[in-house]
Structures are given as structure tokens and as C-alpha cells.
Amino acid sequence: MAEQHDVTPEVAQELGGFLEQRREQIAQRWADAALFRTVFTVSRDEAVEACKAVVDALADVACSGRLEDIHAPGFDTVREQLSRMAATRAQAGFSPSQVAGEVAGLRQPAAALLQAEFDDPRAEHAHACALALTVLLGTLRLVVMETTVNSGEALIARQREQLLEVATPVIKLWENIVAVPLIGTLDSARSQVVMESLLEAIVHERARYAILDITGVPTVDSLVAQHLMKTVAAARLMGAHCIVSGIRPAIAQTIVHLGIDLGTITTRAGLADALAYALGQQGIVVSPSPAAGAIPR
Amino acid sequence: MTASSATHANAVPVLALGDILLITLQGELHDTSAEQLQYDISHRIAHSPLPVNGVVIDISGVDIVDSFLGRILAEIAATARLLAAQTVLAGMRPAVAITLVELGLTLPGLDTALNVDRALALLGRAPAAPPPTRPEEGA
Numbered sequence: 001m002a003e004q005h006d007v008t009p010e011v012a013q014e015l016g017g018f019l020e021q022r023r024e025q026i027a028q029r030w031a032d033a034a035l036f037r038t039v040f041t042v043s044r045d046e047a048v049e050a051c052k053a054v055v056d057a058l059a060d061v062a063c064s065g066r067l068e069d070i071h072a073p074g075f076d077t078v079r080e081q082l083s084r085m086a087a088t089r090a091q092a093g094f095s096p097s098q099v100a101g102e103v104a105g106l107r108q109p110a111a112a113l114l115q116a117e118f119d120d121p122r123a124e125h126a127h128a129c130a131l132a133l134t135v136l137l138g139t140l141r142l143v144v145m146e147t148t149v150n151s152g153e154a155l156i157a158r159q160r161e162q163l164l165e166v167a168t169p170v171i172k173l174w175e176n177i178v179a180v181p182l183i184g185t186l187d188s189a190r191s192q193v194v195m196e197s198l199l200e201a202i203v204h205e206r207a208r209y210a211i212l213d214i215t216g217v218p219t220v221d222s223l224v225a226q227h228l229m230k231t232v233a234a235a236r237l238m239g240a241h242c243i244v245s246g247i248r249p250a251i252a253q254t255i256v257h258l259g260i261d262l263g264t265i266t267t268r269a270g271l272a273d274a275l276a277y278a279l280g281q282q283g284i285v286v287s288p289s290p291a292a293g294a295i296p297r
Numbered sequence: 001m002t003a004s005s006a007t008h009a010n011a012v013p014v015l016a017l018g019d020i021l022l023i024t025l026q027g028e029l030h031d032t033s034a035e036q037l038q039y040d041i042s043h044r045i046a047h048s049p050l051p052v053n054g055v056v057i058d059i060s061g062v063d064i065v066d067s068f069l070g071r072i073l074a075e076i077a078a079t080a081r082l083l084a085a086q087t088v089l090a091g092m093r094p095a096v097a098i099t100l101v102e103l104g105l106t107l108p109g110l111d112t113a114l115n116v117d118r119a120l121a122l123l124g125r126a127p128a129a130p131p132p133t134r135p136e137e138g139a
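Those sequence lines, one after another, are chains A and B.
Using the working numbering, read the first sequence as starting at 1 and increasing by one per residue.
Using the working numbering, read the second sequence as starting at 1 and increasing by one per residue.
Hints listed in this document are in silico derivations from the structure and should not be mistaken for laboratory results.
A hint or two may mislead.
[Claimed, not checked] DEER-style ranges, computed between Cβ atoms:
1. 206/A to 104/B: 57 to 65 angstroms
2. 108/B to 221/A: 37 to 45 angstroms
3. 273/A to 104/B: 25 to 33 angstroms
[As the list claims (entries may be wrong)] A few chain A residues facing chain B, derived, Cβ under 7 angstroms:
4. 9
5. 10
6. 84
7. 123
8. 126
9. 199
10. 230
11. 237
12. 238
[Claimed, not checked] These stretches of chain B come out as covered by chain A in the derived footprint (C-beta under 8 angstroms, 3 or more residues):
13. 94-101
14. 106-120
Glycine is no exception: its CB is placed at the ideal position from the N, C-alpha and C atoms.
The whole structure should be built from the sequences, with the hints applied where relevant.
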């Protein structure tokens, strides 16, 4: 690969040596670049230290001769730092390509210093060195891009997990009655969590009635209906009677149009109706106090 | 009455509580024991001097219910119904319930209860718990 771009191991070695020698100067110039200045806002020294770490990593990679390898061991030391920088830029509303553009801005100061190394900047050897530097910084750009995308993916995975935990509370409405307000699309993973937490609650609260409220479920297709029926069947095996409530007219029509048979499931229009049904089944009557004012508080 | 149980060391005991048979399953139930249990229950119902009105199977001590045991339970219920007894499955664990549903075994012919107390109440046997007193203004 190195030969393709006319970067011989000797040139790579020389570039590594140059980076090590001029570490201080390059770091000083990079610290003023937008990328480092905006991330390390506490002090300029901090930015310089960060730049030095990156230059060291680049020198290490150059000496190992793996200029185009984004998995070169030299990058490992700065990967965490780069991902932190990328995360900071992402929070500021920058897209990964904009961050990559900022990394590209680092080439100019380093290239200028490299040019000054040679008596005759037009010599073939100087060209080879400049080319090697360009290749190396291109690789750095890729590494930054990779860490940016990775941190984005990690964020999405974490949020997905949090969503599962947060979105399925089981509420005790009354003695023997628990309810789950379902919010959002009901996919397999979520319905599994709902089922587990509902069954645990049935055991814990010794519930006879479980209300599944689907007011917050935007659409009900045959898959969602299947998940609902599974949950109802599992609750029944635990000895609890399940009531599905919060069926909006549009959803009722969809269910009928799809030909889904919910005939074995008790359904009610609203959560209040479901609660009234569950109370009625237990012979509990809720009535207004005959003389509210007469009861001393 | 269950003469055959003497020959099966790990046979499941069937207790009679008045007109109800109570069976408590513990741990893993071997296929032969399950079949033996099915036989025992039907014979107990048929030959009991007192009429048997209900069968309560407590599976709170069972971790795994496979398709075979699920089928046996459904068959016990169907057999008992033919002999005019109602079967109630009591104390199923959440994990077992999920497994059965995923297997497609929803046991439609069986009545279920959270625990043995509730099962006996369902069969009208236990001293029915007085309706818990409610705060009038609660809603």
C-alpha cells in the first residue's frame, strides 16, 4: 500500500522523526486551530497538551510505517481523547463531516513546518515527505470520523435501553388491580419487557385484574395485536384477568379492518371504564358521599 | 386407593381436602410421573367415596413447564371436567407463564389462580375473605 502512494518506509521514518522533533511547535500551532481551541476551553496549556498527545500518536504511527491503517496501535492512546473531542463538537451541533473538515485544517500548519525543514522545497524528497504527511493526516481524519460515528451509536444504544426501562411502569390502581399505560410503538423487545414487568407486578401486588391501556400506542397492526394477546394469555396463566383499554375509534376500526379477533379479550374504551369494570367484578361500589359537608375532616 | 403409588418412589401425592383434590408439584416432573399423576387423579375422582368437585394443581414450585407437561395439565383438566370436577392451576411463576405463551400453550380449558388460597376461593371452598373495607371517598 505504501508503494502505491510513493511513501517508502524510509520517508515514513523520516516523517516520524520530524514530528517528534517539531512536536512542540506543531502543538503550539494546532492549539490555535478551531478544533482544539473550542474543545479545550479551560486553558491554552490544556489544548497544547492534547495536541502533543495527538502529535506523539502520529509520530508513533509514522515510525511504524502504517500510515494508512486506522487500526494502527499508535492511535489507541489518543482514541479516547479524540472521541471526547468529537463528542464535544457533536454537542455543539457539528456534523461528523464538519468535524472531519476541522481535522483537515490541521494539515496546513504542519505542512508549513515540514516545508521549512528542506533547503529546496521543490526537491523530490521534500515532495515525498509532504505526501506522507498528507496521507497520515487523512488517516487521522478517518480515525476521528470513526470515533464520532461510534460515540453516536453508543448513545443510541444507551437511549434505547433507557426507553425500555422508562416507558413501562406498572401502577397499582386499587387493591387487586394493576395497570400498565403503554406509550409508543409496541415492538417485540418492548412487549417482552411489558410482559415481564406486568407478571412480576401481578405476583407482587397479588392482583386479580390487570389493565393494559393502549391510549399511547399510535397504531395497532396484527403484530401489536399478537403481542397484546400474548400478554393477556400470560397474565391469565398467572390467575389474573386482563382488560385492554384505551382503544380509540380509529384503532377499533383498524382492528376490525385487519380482521384481528380480540374476542377472547375484555376490552373497554377508556382506562376509567376498565377500572369501573374491574371494581364492579369485585363487587366494589364507588359512590359519592351522601353528605360530604357533614363529615368532619 | 392409589395402590400404584407404592411402586413409584417419586409419585406425586394427591391430598383430599373435603371435596377438593390438592396436588403440589415440586421441581422437575418426569414424564412417567406426570402420566402416573394423570392416572391417579382420574381414578381418585372416579372412585372417591365423596364427590370431588374441584382439583387444585399448585405449580409454584415448578421452574420449567415444557410442552409435554403443558399437554398433561390440559388433559388432566379435560378428564376432570368429564368427571364433573373443575381444575384450577395455581401459582404459576412469571417465567413459566412467558415460556408457555411463547410455546403457544395458553391452556384455554384451565382455570388459573395466583396461589392456592385464591384457587380454593375460586372453587368456593375457602372461607371467603370478607370484602376489604374501602375508604368511601377513594377513587
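Hint check results:
1. 206/A to 104/B: 57 to 65 angstroms: violated, 28 angstroms
2. 108/B to 221/A: 37 to 45 angstroms: violated, 24 angstroms
3. 273/A to 104/B: 25 to 33 angstroms: holds, 31 angstroms
4. 9: violated, 59 angstroms
5. 10: violated, 64 angstroms
6. 84: violated, 41 angstroms
7. 123: Result: violated, 73 angstroms to nearest chain B Cβ.
8. 126: Nearest chain B Cβ about 69 angstroms off; hint violated.
9. 199: holds, 3 angstroms
10. 230: holds, 5 angstroms
11. 237: holds, 4 angstroms
12. 238: holds, 5 angstroms
13. 94-101: That given contact holds, which follows from 6 residues of the region 94-101 of chain B lying within Cβ reach (below 8 angstroms) of chain A.
14. 106-120: holds (count 8)
Of the hints listed earlier, those the structure fails to meet are numbers 1, 2, 4, 5, 6, 7, 8, in rising order.
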